[in-house]
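Going down the list, the protein sequences come from chains B and W.
First residue of the first sequence: 1, per full-length UniProt numbering; consecutive thereafter.
First residue of the second sequence: 1, per full-length UniProt numbering; consecutive thereafter.
Misleading hints may appear alongside valid ones.
Note that the list lumps identical chains together, so a pair holds whenever it fits in one copy or between two copies.
To be verified - When the alpha-carbon atoms are kept at most 25 Å apart in a straight line, the in silico SDA-like pairs for lysine to any residue are as follows:
hint: 1; residue 1: K273; residue 2: Q240
hint: 2; residue 1: K273; residue 2: T197
hint: 3; residue 1: K273; residue 2: G107
hint: 4; residue 1: K69; residue 2: M1
hint: 5; residue 1: K104; residue 2: M142
Please keep in mind that the hints were generated in silico from the structure rather than gathered at the bench.
Protein chains: 2
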Amino acid sequence: MLYIIGLGLGDEKDITLRGLEAVKKCVRVYMEAYTSLLSFGLSSDGLSTLESFYGKPIIIADREMVEEKADQILSEARYSDVAFLVVGDPFGATTHTDLVVRAKQLGVDVKVIHNASVMNAIGICGLQLYRYGETVSIPFFMDNWRPDSFYEKIQRNRAVGLHTLCLLDIRVKEPSWESLSRGKKKYEPPRYMTISTAIEQLLEVEQGRGGSVYDENTECVGFARLGSEDQTIVAGTMKQLLNVDFGAPLHCLVITGNTHPLEEEMLDFYRVKAETVNGNDHGNA
Amino acid sequence: MLYIIGLGLGDEKDITLRGLEAVKKCVRVYMEAYTSLLSFGLSSDGLSTLESFYGKPIIIADREMVEEKADQILSEARYSDVAFLVVGDPFGATTHTDLVVRAKQLGVDVKVIHNASVMNAIGICGLQLYRYGETVSIPFFMDNWRPDSFYEKIQRNRAVGLHTLCLLDIRVKEPSWESLSRGKKKYEPPRYMTISTAIEQLLEVEQGRGGSVYDENTECVGFARLGSEDQTIVAGTMKQLLNVDFGAPLHCLVITGNTHPLEEEMLDFYRVKAETVNGNDHGNA
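The shape of chain B in the complex, shown without the other chains (with noise of 0.2 Å):
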C-alpha cells in the first residue's frame, strides 16, 4: 500500500491521528522535498526531529528523485506499506497526482490522507471560500521571460467580483543556467517570492498591459507561513503592503473581489497597522 499522507501547514503536529498511524506501520518513509524543507524548518536538526518524532528514519525525495524513482517507491509499496510525505494537502498547490496514476497503473493500492492546504486554510482571513474565482500562480520574472497569464484570470474573477488566490513562484533545486550550459548540473539557491516581488510584478503587468484590473489602490491580504504558529497576516492595498515586512517564506497573496459586511469586518481585524511594517506579528487570528 502506497499512503499519500498530507501533514498540514505547520509542523510535525499537524499531522492527523490517522496519518501518524500510517507512517508507524509504514516499513519505509518518504518526504516530498519541493516546500517541506522549508515549511518545517528541515534542516538536519529539523529532519532528524521528524525522525525522532515518528521513530523511523525519512527519505528525503526532490522531484528528480520522485520522477526517476517513482518505480522503485511503487514496487516497494507492491508487497509493503510505503508512505509519502506531503506538505499541506497531497493534492493542494502541488499534485501528486502523477504518482498516483502510475501507482495505479501498476495495481498498486494507494490510500491518501487528507489535510489543511493553503488553498483552504487562507479561509481565516474572513474572505468566503465560495466567493474565489480562479487561483492564478504568480512566476519570477526574468530579463527576458515574463509571463503574465495571470493577468487575464484576475480580470476575469475581479470582472464579477469574485476574491483571487495568487500562489507565488519556489525555486527550489533548479539547474544554474551556466551549469546546464557546461553539462553538469549545479544548482541555484533555492528562491521563495515575497509578496512584496508580488505586487511589483502585478504593477508592472497591469502598467503594460493597461486594462484597469486592479492598481496600488486594490484591496489585498498577504500571508507568510499560513497555519504555523508564527503566521503573519496582514490586510491592506497594493501599496501599502509593498512596505510590510511578512519575514521568512512561505508568502501568498489574495487579490480582493467584492466583499460582504462580515468579510469586511473580518478583515479589520488583519488591516495594516503602522507598527506592522517594522515586521510585528500579528499571531493567529
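Chain W: place on chain B using the hints.
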C-alpha cells in the same frame, strides 16, 4: 482562549495532533452540529465514542445555540480554554467567521487549528484545484421557490474551461412551515441532497434557461462521504451519474470544465462501471 478546531472529514482519527492537544486542555468542548451529527455518525453512540476518545463531555451546539449562546461561549473563553469543534476545516464549506468576529470584538483570543475540507479534498479525483472557478450551492427546489443563480456561475466557469464544485443542500433542524404558522417550533427531519436530485435540478434549470451551459452528456464527478473510509467517487456523464447509487450522505458534485491529459488519466480510474449502479464501492483513490 477560544480554539476553533477542524476535525477533518472522516472520523475521530482525522483530528490533528495539535487539535487533539488543544481539546485535551480545554475545560469545555462544543461541537458544531450542522454537519457533524451526520459525518461522525453522532447518534448518541457516536457521541459517547468521541467523548471517551477525548476524555471529556461534548456539548452539541446547533446553529440556534451558537447564535443565541455565543456570548456565553465567549465569556467562558475569556477566562478559560474552550474548544469549538467543526467538521472539515473551520473556514471550509460552512463558515464560522461570525463567531470569530464576535470573539475578537470582545477581546477574546482565538486560535484556529486547520484541517482538510471538501474544498481541497476533492483534489483526490485528479482535477487540479487551481482549475476550478467559483463554487456554487444547489438548494432544494420547492414548489414555488426554485432559485437558480448557480446557473450563471456554472456558465461563467465553463465558458473559460474551469471546473465547478457544487455543494449540495443540507437541511438540518429546519423549523417546519406548519409549526411556524402555529407559533410553536417543530423541526423537519434532516434532509441531505443526493447527487441524483442535484443533477435533476441542474437539468431542469438548463431546460428552462436554454443557455446550453451543460446537458445530460456533460462529464461530472460525484463524491459521497469524501475523506471517510467508505468514500465513493464516480466519474461519468450527468445521465450516467443519475443512476449511480452513491449511498449515505454527504454528497457533492463537480462539473468538469476542459480537462488536461493527466486529469483524464486520473478520472479514468473513477469512471462509472456497470456494477457501481448497484451501489458497489469505489474505495479510496
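Results for each hint:
| no. | hint | result |
| --- | --- | --- |
| 1 | K273 with Q240 | within (9 Å within a copy, 55 Å between copies) |
| 2 | K273 with T197 | within (20 Å within a copy, 49 Å between copies) |
| 3 | K273 with G107 | between (55 Å within a copy, 18 Å between copies) |
| 4 | K69 with M1 | within (17 Å within a copy, 47 Å between copies) |
| 5 | K104 with M142 | neither (38 Å within a copy, 43 Å between copies) |
In summary, the structure is inconsistent with hint 5 from the numbered list given earlier, while agreeing with all the others.
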